[in-house]
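A.B. asks: Those protein sequences? They're chains A and B, same order as listed.
Take the first sequence: its position 269, counted from the start at 1, is 269 in this note's numbering, and no numbers get skipped.
Take the second sequence: its position 101, counted from the start at 1, is 413 in this note's numbering, and no numbers get skipped.
Any given hint could turn out to be false.
[Stated by the list, open to error] Taking lysine to any residue pairs in the SDA-like style, the calculated list, with each CA pair at most 25 Å apart, reads:
1. 180/A with 156/A
2. 14/A with 566/B
3. 405/B with 72/A
4. 480/B with 298/A
5. 480/B with 216/A
6. 405/B with 285/A
7. 336/B with 20/A
8. 132/A with 404/B
9. 71/A with 558/B
10. 14/A with 408/B
11. 213/A with 93/A
12. 230/A with 216/A
13. 405/B with 92/A
14. 405/B with 298/A
15. 335/B with 298/A
16. 565/B with 83/A
17. 14/A with 402/B
18. 107/A with 320/B
19. 336/B with 94/A
20. 405/B with 40/A
21. 298/A with 20/A
22. 187/A with 92/A
Derived from the structure by calculation, the hints contain no laboratory data.
Given the structure is predicted, the values throughout are model-derived calculations rather than measurements.
Here are the chains, one letter per residue:
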Amino acid sequence: MSPIVVEGKSLTKKYGDQAVVSDVSLQIHQGECFGLLGPNGAGKTSILRMISCLSEMTSGELFVLGQNARKNQRKIKSLIGVIPQEDHFEEEATVLENLMLFARYYKMDREAARLASQDVMRLFRLEPSTHKEVRYLSGGNRRKLSFARGMLHNPLLFIFDEPTVGMDSLARLWIWDYLKKIKREEKSIVLTTHFMEEAETLCDRVAIIDKGKILIQGAPQELIQNEIGKEVVQFEVKNSDISYYTSRIKEKGYVSLTLGNTIFIHVKKEMDSRPVLDFISSSQMVIRRAQLNDVFLKVTGHELKDEPIPYA
Amino acid sequence: MHNSNWDFQSILAIWYRNYLYFKKHWLVSFLWVFIEPLFFLIAFGYGLGFFISNVEGVSYFEFFFPALLVNSAMFVSFFISTYDNLSKLLFQKTFAYQLITPISPQEIVLGEILWGGTKGAFSAVGILIVGLSMGLVALWKIPLILGFVFLVSCLFSALGFLVVTFVKNFDQIIYPTSGLIIPMSLFSGTYFPISNYPAFFKYFIYLFPLTHAVEFCRSFLLNQYTWLMVGNLIYLVAALVAFSYIAVDRFQKLVVTDV
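With the hints as extra help, turn the sequences into a complete structure.
C.D. replies: Here's what the structure looks like:
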């Protein structure tokens, strides 16, 4: 097993009496991409802020790259690269000035800073904007600069908060590619996302978080296999028919989940979906591959939205 | 968190960030810090001075000039420190992104205090040029007086940062401005000697750091050297240390503990 880069034990963060993160334990290994999944307000960003030493934990223990997060914040910060959700720059300074200033915060000497700035500008194709003031950059280039800045000091662990939010699908693919490249270099990634597809594609392991707690964690395919199965039969029914269907499904030995007027039937690996199809009379029926989203629905009992949807 | 966690290189990096902006617009700043005190000198020197033949044995120009120097430094550094830093905290999110890096909250506060001090001292350059041309200050005194103005500016810059850790928006800056900075400017011996006050009020006035700054600067420029100047200096340094300490402590709680 590769060495552990992040080890959190019973992490808790409280504001007054309210716990936004409670009793979260996680281990992240070198070369791994670890995803924190959950709705807005679930506590994902709070966990990232603790790992980044930007927020003090109320209780628990946290070691990042072998350093105690309660004592060695400065050391940790020098070894990690944080790319926050919102980009803030020196707007009236140029791209190069921004990078050079950032390098100064990391105490890189001038020559090393210049070389590193050139490297990251080349990597993110920002060279044509070298002497452009940041306020004149396009949205896409701003985002790129944010990534470039985050890796200027060659960090060992990358922390991304919603790396692809608000991006078009092409830019998203580009970022995914970039994250895979980081992984190939045996560097580690922690990211938050609420795109299940992103988590399935990129993450070696994920933790599903809701209301400040980790509900389940593991490799995406493993979670899907164990919690759901191979396929999901999904269909909509009238309110009055729900109990009829759920009892029929149970009779046949299937597990199902009902959210609003939608019934999800989980088809295990060794089972066949045909027997259930016989008795379903719904025009909006789909049979599809089981996804991480199904795991999410199962463990949280609600869809990936801000507010839980009450059971029908 | 972050106990006594600072080094000079990081503090300078914070200072440098401000310098990066300043060097783009320095001429505009310089013109204003040059012209504004000139207005004051004309209004009070020629205007008020016309009716006053001497104050404590010197002309009104000579009496007013040292006070103008430290007052201007106070206003410049206090306003730079409050408005600029509140903007960095609330809107530009400068501190938020600096804290991602190994820069500690202490270093941010100390770097910003140092920057406010620099801007205050810079504002004195214009006044000193005017003073030099009017024979109000000897050339050899200029480096020393700049050093002193820098100290005073750091002090009010620290006070300004302290204000930033209390206020929630720009409007609230008016409270310490009208409640402390303006009265300090009016009562600390800027326009008339504090010997005019009744004894009780005089002691109260000595609580104001500006009183000590005016007194020191005036004694130094008018060649009235006394041991009291050492007291003035000690008081100013102590106030600087105290304001900086509390500002660091409060800022740290504000950004790191985030409760």
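A.B. asks: Now, for every hint given, state plainly whether the structure supports it.
C.D. replies: Hint by hint, here is what the structure shows:
1. For the given pair, residue 180/A sits about 14 Å from residue 156/A by alpha-carbon distance, which is consistent with the 25 Å threshold.
2. Annotation: proposed proximity of residue 14/A to residue 566/B holds, straight-line Cα distance about 15 Å (limit 25 Å).
3. Between residue 405/B and residue 72/A, the direct Cα distance comes to roughly 24 Å. Compliance with the 25 Å bound is thereby established for this hinted pair.
4. Pair hint residue 480/B plus residue 298/A does not hold up; C-alpha atoms about 43 Å apart against a cutoff of 25 Å.
5. A threshold of 25 Å between alpha carbons decides the hint, and for residue 480/B with residue 216/A the separation of about 40 Å lies outside it, so the pair is violated.
6. At roughly 49 Å between alpha-carbon atoms, residue 405/B and residue 285/A are farther apart than 25 Å, so this suggested pair is violated.
7. Of the pairs offered as hints, the one joining residue 336/B and residue 20/A is violated, with about 43 Å between alpha carbons and a cut-off of 25 Å exceeded.
8. For the proposed pair residue 132/A and residue 404/B, the alpha carbon gap of about 19 Å is at most 25 Å, so the pair holds.
9. Only pairs whose Cα atoms come within 25 Å are accepted, and residue 71/A paired with residue 558/B is accepted, the gap being roughly 22 Å.
10. Taken as a hint, the residue 14/A and residue 408/B pair is honoured in the structure, with Cα atoms around 20 Å apart against an allowance of 25 Å.
11. Restraint check: the Cα-Cα separation between residue 213/A and residue 93/A comes to about 41 Å, which exceeds 25 Å; the hinted pair is violated.
12. Under the criterion of a C-alpha separation no larger than 25 Å, the hint pairing residue 230/A with residue 216/A is consistent with the structure, at around 19 Å.
13. A hinted pair counts as satisfied when its Cα atoms are at most 25 Å apart, and residue 405/B with residue 92/A qualifies at roughly 14 Å.
14. Pair hint residue 405/B plus residue 298/A does not hold up; C-alpha atoms about 39 Å apart against a cutoff of 25 Å.
15. As the CA atoms of residue 335/B and residue 298/A are separated by approximately 58 Å, the hinted pair breaks the 25 Å bound.
16. The hinted pair formed by residue 565/B and residue 83/A meets the criterion: a straight-line CA distance of about 23 Å does not exceed 25 Å.
17. About 23 Å separates the Cα atoms of residue 14/A and residue 402/B, which keeps this hinted pair within 25 Å; it holds.
18. The straight-line distance between the Cα atoms of residue 107/A and residue 320/B is roughly 11 Å, inside the 25 Å bound, and the hint therefore holds.
19. Simply put, residue 336/B and residue 94/A have alpha-carbon atoms about 12 Å apart, close enough for the 25 Å limit, and the pair holds.
20. Taking the CA atoms of residue 405/B and residue 40/A, the gap is near 22 Å; set against the 25 Å cutoff, the hint holds.
21. For the hint linking residue 298/A to residue 20/A, the alpha-carbon distance of about 22 Å falls within 25 Å, and the restraint holds.
22. A distance of roughly 33 Å separates the Cα atoms of residue 187/A and residue 92/A; the hinted pair therefore is violated under the 25 Å criterion.
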